[in-house]
Amino acid sequence: MFEILEKERIGPGVNRAVISAPAIAEAHRPGQFIILRTTENGERIPLTVADKDVEKGTITLVWQEVGATTYYMSTMCVGEKFQDICGPLGTPTHIEKFGTVIGVGGGIGVAPLYPITKGMHAAGNHVISIIGARTEGLLIMTEDIRKVSDELIISTDDGSFGVHGFVTQVLQGLIDKGQQIDLVVAIGPVPMMKAVVNVTKKANLPTVVSLNPIMVDGTGMCGACRVEVGGKTMFGCVDGPEFDGLQVDFDLLMKRLAMYKGPELIALNNFRETPRGCQCTFPGGA
Amino acid sequence: MSDQEAKPAKKPKVPRQKMPEQNPIERAHNFYEVALGYDNDLALLEASRCLQCKKPSCMKGCPVEVDIPDFVAMVKAGDLIGASWKIKEKNSLPRIAGRVCPQESQCESKCVVGAKGKNEPCAIGRLERYVADYAAIHGDGKLPELPKPTGLKVGIVGSGPAGLTMAGALIKKGVAVTVFEALHELGGVLVYGIPEFRLPKAIVRAEVEELRRMGVEFKTNWVIGRIETVDDLLEKRKFDGVFIGSGAGAPLFLRIPGENLNGVYSANEFLTRANLMKAYMFPEADTPVAKGRRVVVFGGGNVAMDAARTSLRLGAQEVTIVYRRTMAELPARAEEVHHAEEEGVKFELLSAPLEIIGNETGWAVGLKLQKMQLGEPDASGRRRPEAIPGAIYEKECDTVIVAIGNAANPLVPTTTKNLETNKWGNIVADPETGKTTKDRVWAGGDIVTGAATVILAMGAGRKAALSMIDTFKL
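Which chain is which? The protein sequence lines are C and Y, in order. Heads up: the first sequence is residues 162 to 447, going by this note's numbering. Heads up: the second sequence is residues -14 to 459, going by this note's numbering.
Keep in mind the hints are simulated off the structure, nothing from the lab. Please read all numbers here as calculations on a predicted model, not as lab measurements. Be careful, since some hints might not be right.
[Unchecked claim] The calculated DSS-like cross-link candidates involving lysine-lysine, where the alpha carbons are at most 27 Å apart (straight line), are:
no.	chain 1	residue 1	chain 2	residue 2
1	C	K217	Y	K223
2	C	K422	Y	K276
3	C	K217	Y	K204
4	Y	K408	C	K393
5	C	K242	Y	K204
6	Y	K263	C	K416
7	Y	K186	C	K242
8	C	K422	Y	K263
9	Y	K186	Y	K157
10	C	K416	Y	K380
11	C	K393	Y	K353
Turn these sequences into a full structure, and let the hints guide you.
Pasting the structure below:
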């Protein structure tokens, strides 16, 4: 169980793996995530399922190297197994025919946006996807998104590909043009989601965001993933991960995400000093 | 001939034998077990105190009705293996119960030795632990004789004390049992909640292993309510019955300002990080936990004591329990409070939190507290704490652990059709049989009663197992 069947590097520090997990693939709905552990002493980290294949019994995970666990995952090779994968977790995305749905994805957030876009498209929505990154080399999964979108607009902060500017400027442009918009789904770094909500709030557009708070159990037992939505404390793992973006306290989320910055550095240094794992898809080392 | 010689020598009264323990100063810095257990001499002395009552009232105090006088008699006779089998007839997890049961309010509270004037009751719990540990180490590892499979199969949701007890009782009746656990390790609260120094994980693992050897199937990382529902278990997997023992895992918070600051934990999260995820080994284990210098724990139950004592062991300089009533009303076991005090945990009584104060980076740096006084008794019979007007003060701290209890986790109840819950979200179940409002579904433990004790959950698991056995006509 949980064997890595395929693995590739899809961008600088970004990896994609197809993993055998038949029961999870079958039960999974767009918007849901899994919690994994790499080894016996590993931490539990949540990752949104980027894609699945029920027939093959696989799920696809996409991750960016940020801490000891994600770096370690990048050294894991085809044929290796994860210690644990628990899922699906979280409340699935509410999918129905809204009309025109705008999907806004930034950086690694494009991965969790993909199954939602796919679902929204399949439900008969007119889907406009806005995908952005700092620079061309950091764009991921653009072709996957293109296949499930009616329109795709790509932007880069440095203008190296597509529109020169932020995804929020593209979105603002659509609003200014008078584009009919029934729902906005935004997933990406917290500052990006906050910026998107600043735009949609002014235009009074319903906006769904997917949050990535720190989690432990993922079943509502510990409360590590507390977020404030409309002044109320909610648990990201069971009440979310998707929330009404217009109500989310993003500043609190950013502070809470920084809670273990110190220990994370210690763990990363510890990892760097410990030679382990395969380096075949891991150019340059950690 | 003197008077003294004429009188028959009065038999010296054997006092209750003390539990050998690790020295408090030493143990406050390690995660090894605090109580070291009786040796054979202590066990024999303690067993000799049992009166072997014809109508043993101690058994009435035991939620799983262990045959206490019988097993103690076997200890007296030196047959420790036999004694362990005697206990296991009613309690499949004696090493766990011997450690975490509140015996002083159960079997030992009914002991006739204790009832007769000034003597302390027979230390039944310590004997149980001794017998079960002895059998685990010196026994031949034989399993109880299992009957032929009946063809019936039962699904159990949750591998905590209720679920494990249920599994043990049913497998012995030839029922195929599958236990579904949400976490990666089996044991529920026994592994994520109760700290290593009170209940070593190796003991839980050994008890689980024995059930596995008896044929119980375990599925970890399996969240009922997400990957499958209870209805799926009944309809698709064709289980003849399902037992829900998913626990009271939904932490309560105080709803005061500052509760979402960094450094503020639910006891569940703090203990899960420290126990299940082995944060005390960080960075050898990957999961960190904030190692506070000044830790404040809100609450006065056993979980609050566990959190406070775990904080000390993680290296905190000062750990304070803030509780709004007095020492007399603390709901924790006296033994746990005593252990915490010995190790250096401070108690700030008659004090209630009003606010957690944070700094600009979002970390907790202090508390605003309200001084209280005791007023008239409330519905629980305890004197109600009342605020003393104007008596508000501040206290520095960097870590806050909220240990004020748990609500029912809604994941299973809300995803199961026709399953009645009460206004607190607990599953409605018959207290005698564990039967719920849904056909073929039983429930027990904290998901029914709200947060309680390990042994009550074990009792509920046992009652539901008996009810299932009765229903299946085994």
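Now the hints, each set against the structure:
| no. | hint | result |
| --- | --- | --- |
| 1 | C:K217 x Y:K223 | holds (25 Å) |
| 2 | C:K422 x Y:K276 | holds (13 Å) |
| 3 | C:K217 x Y:K204 | holds (22 Å) |
| 4 | Y:K408 x C:K393 | holds (20 Å) |
| 5 | C:K242 x Y:K204 | holds (17 Å) |
| 6 | Y:K263 x C:K416 | holds (25 Å) |
| 7 | Y:K186 x C:K242 | holds (25 Å) |
| 8 | C:K422 x Y:K263 | holds (19 Å) |
| 9 | Y:K186 x Y:K157 | holds (24 Å) |
| 10 | C:K416 x Y:K380 | holds (23 Å) |
| 11 | C:K393 x Y:K353 | holds (21 Å) |
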